[in-house]
Amino acid sequence: EAVSLQIDCEDQAEVDRLTDALSAVPEAEQCGWVKDRYGLSWQIVPYAMNRFLADPDPAVRQRVFAAMMEMKRLNIAELERAARG
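Under the numbering used here, the residues of the sequence shown are numbered 23 to 107, in order.
Treat the hints as calculated values from the structure; they're not laboratory data.
Heads up, the beta-carbon is just placed ideally off N, CA and C, and yes, glycines get one too.
Warning: the hint list may mix true and false statements.
Within a straight-line C-alpha distance of at most 16 Å, the following computed EDC-like cross-link-like pairs (lysine to aspartate or glutamate) qualify [what the hints assert, rightly or not]:
no. : residue 1 : residue 2
1   : Lys94     : Glu51
2   : Lys57     : Asp42
3   : Lys94     : Glu49
4   : Lys94     : Asp38
5   : Lys57     : Asp38
Quick list of simulated restraints, FRET-style, between CB atoms [to be verified]:
no. : residue 1 : residue 2 : range
6   : Pro78     : Glu49     : 29 to 39 Å
7   : Gln34     : Ala76     : 14 to 24 Å
8   : Gly107    : Asp58     : 28 to 38 Å
9   : Tyr60     : Arg106    : 33 to 43 Å
10  : Asp79     : Gln28     : 23 to 33 Å
11  : Glu100    : Pro48     : 17 to 27 Å
12  : Leu62     : Gly107    : 30 to 40 Å
Could you put the whole structure together from the sequences, leaning on the hints where they help?
Right, here's the structure in full:
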């Protein structure tokens with residue numbers, strides 16, 4: 023795909039609301055990515071994800087990334103648990 027859009031979200035409620043609104047193919051959701059009814063891809067990302075992936079501890083980054091790879095819709099509480107180890 024040539025184009026995708028990213029939306030940074032304040033909290034889980036916003037992640038959930040936008041995912042529900044944009045995802046036309048729920049079974050295709052992966053790692054926070056959704057596809058809308060026009061075939062455009064969106065990545066719905068909590069602001070916390072940027073903090074986790076910028077952590078100076080590489081183990082934190084690895085755990086958070088591994089947790090994200092198992093998710094369809096990004097879950098902030100689960101990402102926080104992964105960050106804490």
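**Asked** Going through the earlier hints one by one, which of them does the structure break, listed in rising order?
**Response** Hint check: nothing fails, all pass.
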